[in-house]
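So the sequences go chain by chain: A and B. Just so you know, the first sequence maps onto residues 1 to 235 in this note's numbering. Just so you know, the second sequence maps onto residues 1 to 300 in this note's numbering.
No wet-lab data here; the hints were simulated from the structure. A hint or two may mislead.
Said to hold, decoys possible - Residues from chain B that face chain A, not an exhaustive set, calculated with beta carbons under 7 Å:
| hint | residue |
| --- | --- |
| 1 | 185 |
| 2 | 187 |
| 3 | 189 |
| 4 | 190 |
| 5 | 192 |
What the hints assert, rightly or not - Anything over 12 Å on all C-beta distances counts as not near chain B; from chain A, calculated:
| hint | residue |
| --- | --- |
| 6 | 15 |
| 7 | 26 |
| 8 | 119 |
| 9 | 130 |
| 10 | 154 |
| 11 | 175 |
| 12 | 181 |
| 13 | 218 |
| 14 | 226 |
| 15 | 227 |
Glycine included, every Cβ here is placed at the ideal spot set by N, Cα and C.
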Amino acid sequence: MLELQNVNAYYGSIHALRDVSLKIEAGEIVTLIGANGAGKSTTLMAICGIMPVQSGKILFRGEEIQSMRPENIVSLGLCQVPEGRHIFPELTVRENLDMGAFLRRDKSGIKKDLDHVYSLFPILEKRRNQPGSNLSGGEQQMLAMSRALMARPQLLLLDEPSMGLAPLVIQQVFDIIERINRESDTTVFLVEQNANQALRIANRGYVIENGEIVLSDSGDKLLNNPDVQKAYLGI
Amino acid sequence: MDYFVELFFSGLTRGSIYALIALGYTMVYGIIGLINFAHGEIYMIGAFTSFVVASVLSIMGLPLLAIIVLAGLAAAIWASAYGYTIEKIAYKPLRNAPRLSPLISAIGMSIFLQNYVLLAQTSNFLPFPELIPDFEFLEPIAHIIGTTDIVILLTTAVSMIALLILIKFTRMGKAMRATAQDKTMARLVGINVDRVISNTFIVGSALAAIGGMLIASHVGQINFYIGFIAGIKAFTAAVLGGIGSIPGAVLGGFILGLTESFATGYVSSDYEDVFAFSLLVLILLFKPAGLLGKSSIEKV
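Construct the entire structure; sequences and hints are all you get.
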């Protein structure tokens, strides 16, 4: 579904991504774990066309997307829920959801997906006329994920969906991610600092350090890998 | 009492023009955080365009209403083309530059356009044709509110309602609001942010051009320098109401217009600017973000 081949990207003179290569197959949940500033969000921004790629290739369903404009990448079915959720604060919940379907023209399909996200998150329907900034952190995360689902993505990129949330809500968020993956056949690429939870639901995982992929394996094996346990799981 | 009402309506008329121009300032600021100092010149170019078109059409002997509508349309379209081009050549290349650079570029653009019109036209005041006649049925109230005032108020109201509908309900308007609130996220949901910015300049310029035509036919003369004064006033109105806020720009425009009108009527026309800018200082002292502005901390 998605493949990165030797991707390099720079912030000014800082080499932020060094020959990053990774692969995500259709239907998988793949996670990318790493410390603060390792290049996790940069990887996602490069995939979405926001961070310019200096060299290397990004293939989405066989098509090279590394030099496409962000809106064209979205229209291919690749959506990101960015770190910090980025809810449009002054748009209502409903309008935020509409923005997710910005590029779609099929009114009846949009309506169906709206009902679907309302059934996943009934709280959003209750609060549909409130401005996005009124929601709590957990509700905002649900809104952000729903907004991405409104684009009916093939591949959903999630950047630290558990950040700043209470443990109970985190559990809910991870449950929903699994559900989205299973029920609507959406491939998920999950970036997390919460490595423990992420590896538990992931088929496979990659570890990134200083802009370089240093390790990749199945979720279970990474959970039991002593280096990973020491560095990211606090065991 | 009649005198008060007369001043009130003349203030509303002035205020509505300030509001029309202020909308362009505030919309551009809301989207890219830039004070577009060339915006006053767009207004001036709108006035000149409507002047040329109206003159030609009246020689051709078209009916008055057709002249007004066509001149207004021509001014709006031509000024929008200027607004669009200015953004593309003077601001877009500086999108990622420090904030001061586009500001200086804007001031440069303003000076350039003034001198360009000065050279292409004349430095003299040109008599602007009186487009709007005095309607007879308005005779009984003519001593408090003139026909031009009514036409200006109505045109402004229609323009503002159209803008409101555009922003609130259309796809383009939603994209504008989303872009103003979070540019990164706007791109992530598939909005072409460059196009939204262009559209903002086009809409703002069209409003300013309509204001330019209305005020020119009201005052009866134009020259290359009218954009500077009007621009500063409209900018003041936008800051007064809270820059970035669309209702704020309208409110600020009306408050400024009324203040000037009452200052002129009860004190002296020499002091109208003193009152206008004192009011600005006072409001900013107590509400630094303007009347309807959000007091957000500037992220550096």
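Taking the hints in turn, this is what the structure says about them:
Interface hint at residue 185 of chain B: satisfied, since its Cβ lies 4 Å from the closest Cβ of chain A, which is below the 7 Å cut-off. Given hint, residue 187 of chain B at the interface with chain A, holds; its Cβ is 4 Å from that chain's nearest Cβ, closer than 7 Å. Below 7 Å, beta-carbon pairs count as interface contacts, and residue 189 of chain B has one with chain A at about 5 Å; its hint therefore holds. Evaluation of the residue 190 of chain B hint against chain A yields a held restraint, the C-beta minimum of about 4 Å falling below 7 Å.
Taken as an interface hint, residue 192 of chain B checks out: its beta carbon lies about 5 Å from the nearest beta carbon of chain A, inside 7 Å. Every Cβ of chain B is farther than 12 Å from the Cβ of residue 15 of chain A; the closest lies at roughly 20 Å, confirming the non-interface assignment. The beta carbon of residue 26 of chain A is kept farther than 12 Å from every beta carbon of chain B, the shortest such distance being approximately 22 Å. For residue 119 of chain A, the condition that its CB be more than 12 Å from all CB atoms of chain B holds, with the nearest at approximately 22 Å.
Residue-level check passed: residue 130 of chain A sits 15 Å from the nearest beta carbon of chain B, beyond 12 Å. For residue 154 of chain A, the shortest C-beta to C-beta distance to chain B comes to about 14 Å, beyond the 12 Å cut-off, and the non-interface label holds. At the 12 Å boundary, the C-beta of residue 175 of chain A stays outside the reach of chain B, the nearest C-beta of that chain being 24 Å off. Interface exclusion of residue 181 of chain A from chain B stands, the closest Cβ pair being 20 Å apart, more than 12 Å.
With a minimum CB-CB distance of about 30 Å to chain B, residue 218 of chain A clears the 12 Å threshold, and the non-interface call stands. Taking the minimum C-beta to C-beta distance to chain B, about 37 Å, the non-interface status of residue 226 of chain A holds against the 12 Å cut. Every CB of chain B lies more than 12 Å from the CB of residue 227 of chain A, the least distance being 33 Å, so the non-interface label holds.
Checked against the numbered hints listed earlier, the structure breaks none of them; every hint is satisfied.
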